[in-house]
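Visitor: One letter stands for each residue in the lines below.
2 protein chains.
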Amino acid sequence: MPIYNAPVADMQFVLHDVLKITETPAPGYQDLDRAFTAAVLEEAGKLSSEVLAPLNLTGDMQGCRLENGVVRTPDGFDRAFAAMREGGWTALDCDPEYGGQGLPYLLHSAVGEMFVSANMAFNMYQGLTHGAYSAIHAHGTEEQKATYLPKLASCEWTGTMNLTEPHAGTDLGLMRTKAEPQADGSYLITGQKIFISAGEHDLADNIIHLVLAKAPGGGEGTKGISLFIVPKFLVNEDGSLGDRNAVTCGKLEEKMGIHGNATCVMNYDGAKGWLLGDLHKGMRAMFTMMNEARLGVGLQGYAQAVVAYQNALAYAKDRLQGRAVSGTTSNGPADPLIVHPDIRRSLMDQKSFVEGARAFTFWGAHLIDRSHRLNDADAEGLVSLLTPVIKGFLTDKGFEMTVAAQQVYGGHGYIEEWGMSQFVRDARIAMIYEGANGIQALDLVGRKLAQDGGRHVMGFFEIVKSFIKDNADNPALEGFLEPLKKASKDLQAAAMFFMQNGMKNPNHALAGSYDFMHLFGHVCLGLMWAQMAKAAQAALDAGEGDVDFLRTKIATGRYYMQRHLPATGMHLARIESGADPVMSLEAADF
Amino acid sequence: MPIYNAPVADMQFVLHDVLKITETPAPGYQDLDRAFTAAVLEEAGKLSSEVLAPLNLTGDMQGCRLENGVVRTPDGFDRAFAAMREGGWTALDCDPEYGGQGLPYLLHSAVGEMFVSANMAFNMYQGLTHGAYSAIHAHGTEEQKATYLPKLASCEWTGTMNLTEPHAGTDLGLMRTKAEPQADGSYLITGQKIFISAGEHDLADNIIHLVLAKAPGGGEGTKGISLFIVPKFLVNEDGSLGDRNAVTCGKLEEKMGIHGNATCVMNYDGAKGWLLGDLHKGMRAMFTMMNEARLGVGLQGYAQAVVAYQNALAYAKDRLQGRAVSGTTSNGPADPLIVHPDIRRSLMDQKSFVEGARAFTFWGAHLIDRSHRLNDADAEGLVSLLTPVIKGFLTDKGFEMTVAAQQVYGGHGYIEEWGMSQFVRDARIAMIYEGANGIQALDLVGRKLAQDGGRHVMGFFEIVKSFIKDNADNPALEGFLEPLKKASKDLQAAAMFFMQNGMKNPNHALAGSYDFMHLFGHVCLGLMWAQMAKAAQAALDAGEGDVDFLRTKIATGRYYMQRHLPATGMHLARIESGADPVMSLEAADF
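Just so you know, the sequences run in chain order H and Y. In terms of this note's numbering, the first sequence opens at residue -8 and continues consecutively. In terms of this note's numbering, the second sequence opens at residue -8 and continues consecutively.
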């Protein structure tokens, strides 16, 4: 059975030594001193290790079952969901007006990393609910908010997002689901939606579906789309549950992973729904929460790498196989795997990635808080720019690292009972949903780069440049600043290439979009590691904190700079080869 | 249901235009003209597409079942196995003295690619048998050969390889299985072996296990190991089957993939066995066939990418989603995915990899034929050097490309019924078994580089150098020679770094071994593409062959040179950072 240990010290380091969160003058931040966040993280860690993680492998093996229209979740999920609800974890950053605790989204994200590492499939039930909560909070009428938000915050009811149809994935303009207006102001929703996570299950009394559909008069494509609230059980005026609505789960998908989460085909047969937000502005309403949703998926990507790494590390320390080339280290029949340089390389790859990814994601979450709680437009612009990088880069690399962790196990990694295969299979979905990673790259290069006249990407370069300049004399940053400078220059050169050539032919930019996303990701993680090294050295100089922990941080960062930042040159070379090699064949020639 | 189309034209191109096989003066090669190989490949392709491929997804879903000691393979495997046997496919390159057709290993590999693409789990039953056949052919007594080889060549009986034990994977010196000599010259074998592919099943009348075990008097570690033939049913003097031997399947492993192949825990309880080869020389006997076995696994890696790519391509042409940025190409509600530059990039990644990988593997197989059939020591040395690259690089990249192919499908790629997940899950094992890829890198850098005084790696560099020099004036190779030269220089610099620093501390070499394997792989594929471009241009100049096909080859090669060879600089930078970043932490600091 795989282990999971909540990385409280690592999180505390990012929150306090790097982000210095108590200095943020945002509502909800004033209480976030070290002792408070430690207490929250320790508690969340306990729930994760003791309740959620033990259900991960069994949840994968059992999966969900559809019987007579009812979906049964794996054994123990109901008790764990109750524990999560009772602990108040689902409402951590929700509005106090609706039963939430009003804590920052950043803390929600830190806790969320733990839940996802421990049991990704399970945590999706509350994750989707949080998305529905946010959409109704942003766009609902007062009545809708009063009706749904307290129940969604507490997860007494759960929520879903219904976008995809069999023929309409990324291209939602092709959607066919219809909404017919009724005399009483409601709509009748008819159509089929697929890939609906948590579409039907036995963990909550009601399920609130948010459904995109076409109402009359909106015009072609995505313009005609509106967003509707479609509850599984209609809600009476007194808040009690009424009739069953005409929405049913037609099928559960057999998936590669996240077996513990029910992925449903949902059939709407004239189901009663109510408009959420403005008519024909459904796309905008659905995507208001996009930064958060995508950051949450980026988090899933690296959170799977976190737990996979922990297990690979434990196995590498435990498994005796072969002898160290540099001399034997034990009296046993063989040395532990961790003595071997190539195993060490793999572990360092994983460790330096997950810790860098955590800092990057926490930074993104912090920017979202600044944007929402301080109306900080620069923070909003910057996090919009970084979101596709967080989502695309961290899920690609996170998946790659789960594969690396599995590899440490040798043949045992391929056997399901060891649990490493599940981390790989579960991590895989994060590259696909919430906008496949190619779409993230398109969003980054096609929209975000040029947004507001390129102000945000210039802001990003300014952050890097200032950091390098301000710390030029810091001896602790030797081995950090030069690689960061070089990588950042590569990123600027790539952006310049797009500007100069994308005008003539947008394909010159689009053909390099995926490499650009990865190049950008490396620069971000390089920046994070430089900041972490600086913070670690400052703590060492001040005689604060655990010396071994802080020195390990610096050594891990140095590894990332030396072993991973060289990837930026490769990405730049690919980008600068332009569209010609990519587009030279006619479709028929393939 | 996924498709599979046998790539006959691509194979013919490598065999005849690139390798020019009819010019090889080796036994078995004289008949290999275009018409003959086309006939063989067409037939094998038909079997693959019509019989094996349709059983791939169902085989994955059903898996194997162990009932009362009997393993049931998935529905239809028995009929398909009979068809393969009856077609003579299992004996293609076997010795005519034992019922084989004596054709080159190269042709066996080409046909094997098709079988693996169509149904990897299924093909393992004959693949393992072929390994057992080869070991007995190389090391058996005349009597053993007469008893076993005809039945193994025809696959009336199948074979297995028993190396791993629960505590002994890579480090076989830790093995505990014992062989006790009996008065009649046989041995009693006792112990447990794990991860035994095709250890028990219902496809053949008998199973011939080749088992590594420790016989008395051999000393510690791998020195004491001998190889034994342990048949499931003892064979009477007249060749008929006698008593059931004391070997049983204790358990079937639940694996991430290759569900159609039975991966068994095998228990030997004083099973009767006979020494194969010399006493206490079992490791050597088992590894005589290592180049072939590892090349066969490299082939599995890219063969899964071949079929995954074919399906991704078909989906990209069929699925309508979004509009081309460069102008609409169709009258439908949307354009096919293939118009989008990032989809195109992914398809070109896959296409340029699989075609380069095929050429590389066929070259390796050709070298094996030269080595075996012409006693060509240079060919033997070169293929020994290249084998870990073929195995490690092609399985890593092959897996990566199955993931890329799956990604093209968006959400449908994650749903098992579309079949893309299976290609990913099946391809994953090839990175692990037959020596995990880290071991391949160790073998390459720790053994093969310096073998025979470095003669073989120098020979490889000479091949690259001569090619560049001899073709300097070939205008068709513009865009090929420069990247190849640069990549080859990076490889030489890396080898030089190992020589200069590995003496002081072997960790300086070992910490870069994995990057070196990938760097080497890129140079090999770059060389293959340069050779293919040259061959394609020569055919165009001669007015022979399909013009579109040949031009597409050149364009695909140019893509690889421009988009993939830049990776060599990154690998070199990582290598040159040496062991310090990798080894800086104590094990306890992780």
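It should be emphasised that the hints constitute simulated quantities derived from the structure, not laboratory data. Any given hint might turn out to be false.
You can't tell identical chains apart in this list, so a pair holds if it fits in one copy or across any two.
Said to hold, decoys possible - Capping the alpha-carbon separation at 20 Å, the derived lysine to aspartate or glutamate pairs in DMTMM-like fashion look like this: (1) 477 to 567; (2) 460 to 156; (3) 308 to 162; (4) 308 to 577; (5) 263 to 229; (6) 214 to 326; (7) 214 to 171; (8) 242 to 408.
Please read all numbers here as calculations on a predicted model, not as lab measurements.
Visitor: It remains to establish, for every hint, whether it holds in the given structure.
Guide: We went through each hint and held it up to the structure:
no., hint, result
1, 477 to 567, "both (16 Å within a copy, 17 Å between copies)"
2, 460 to 156, "neither (51 Å within a copy, 57 Å between copies)"
3, 308 to 162, "between (48 Å within a copy, 16 Å between copies)"
4, 308 to 577, "between (52 Å within a copy, 11 Å between copies)"
5, 263 to 229, "within (18 Å within a copy, 79 Å between copies)"
6, 214 to 326, "between (64 Å within a copy, 19 Å between copies)"
7, 214 to 171, "within (16 Å within a copy, 80 Å between copies)"
8, 242 to 408, "between (27 Å within a copy, 13 Å between copies)"
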